[in-house]
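Asks: Sequence:
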Amino acid sequence: MEIHALCKVSIPGLKGAKEQTSETKRGRDPMFNHEFFFDNVTHEELDTKIVLITACHAGGGIKGKDIVIGEASVPLRDIREMNTKKEIKFIEEIKAIVPKKLGKIYTSSVIEKDSKRLTINLKKVIRPPEEDDDVNGERVLNGQSMNGQEEQTQEIGD
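Numbering (our numbering), first residue to last: 11 to 168.
Because the hints were derived from the structure by calculation, they are not lab data.
There's no promise every hint is true.
[Stated by the list, open to error] Cross-link-like lysine-lysine pairs, in silico, DSSO-like; alpha carbons within 27 angstroms at most: (1) K59 - K123; (2) K25 - K59; (3) K25 - K123; (4) K123 - K133; (5) K28 - K126; (6) K123 - K18; (7) K126 - K59; (8) K59 - K18; (9) K28 - K123; (10) K133 - K59; (11) K28 - K18; (12) K133 - K28; (13) K133 - K18; (14) K25 - K126; (15) K18 - K126; (16) K75 - K133; (17) K25 - K133; (18) K75 - K18; (19) K126 - K75.
For clarity, every value in this text was computed on a predicted model and none was experimentally measured.
Start from the sequences, fold in the hints, and give me the full structure.
Replies: Here it is as structure tokens:
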């Protein structure tokens with residue numbers, strides 16, 4: 011099934027920050043390599059705010075609405091504070107309201123203490139293989155698998 015993938019990244023309640031969007035053209039397993047920047051994130055906000063990542067199928071037409079595939083949220087306090095620019099990779103599984111896994115969102119995050127900047131890099135979104143698939147449905151970014159040891163996996167939902 012082809013989808014017109016759209017990912018929305020936001021930090022709800024962050025002063026002056028707007029929802030940011032990354033979009034890919036039609037494809038079966040959408041790939042993303044997009045960085046989202048959130049400036050002026052304070053230490054207090056690192057303790058209390060979350061990053062919300064929503065994967066959607068973009069609706070077409072004049073009144074087309076985006077169909078939410080799933081969403082993942084990561085508390086900013088779970089991302090360790092870094093004194094230098096270093097990526098922290100984690101994987102979030104997205105689920106629908108029914109307890110069925112719809113796929114995974116691969117991201118990495120960077121917190122730069124001196125400039126008070128949070129960078130979220132959306133790497134890719136994959137769907138799980140269907141029973142009749144003869145491939146596993148996972149794609150790699152720049153020819154490298156995303157299954158390194160520094161990754162953390164968290165399940166969202168039930």
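Asks: Hint by hint, note whether the structure agrees.
Replies: Status of each hint after checking the structure:
1. K59 - K123: OK: K59 and K123 at ~16 angstroms, within 27 angstroms.
2. K25 - K59: holds (11 angstroms)
3. K25 - K123: holds (18 angstroms)
4. K123 - K133: At roughly 23 angstroms apart (the allowed maximum being 27 angstroms), K133 and K123 satisfy the hint.
5. K28 - K126: With a Cα-Cα distance of about 17 angstroms, the restraint between K28 and K126 holds, given a limit of 27 angstroms.
6. K123 - K18: At roughly 24 angstroms apart (the allowed maximum being 27 angstroms), K18 and K123 satisfy the hint.
7. K126 - K59: holds (14 angstroms)
8. K59 - K18: holds (16 angstroms)
9. K28 - K123: Within the cut-off at roughly 21 angstroms; holds.
10. K133 - K59: holds (22 angstroms)
11. K28 - K18: holds (10 angstroms)
12. K133 - K28: holds (20 angstroms)
13. K133 - K18: Given pair K133, K18 holds - Cα atoms ~13 angstroms apart, limit 27 angstroms.
14. K25 - K126: With a Cα-Cα distance of about 13 angstroms, the restraint between K25 and K126 holds, given a limit of 27 angstroms.
15. K18 - K126: holds (22 angstroms)
16. K75 - K133: holds (24 angstroms)
17. K25 - K133: holds (26 angstroms)
18. K75 - K18: Roughly 14 angstroms between the alpha carbons, so the hint for K75 and K18 holds.
19. K126 - K75: Violated - the C-alpha atoms of K75 and K126 are around 35 angstroms apart, more than 27 angstroms.
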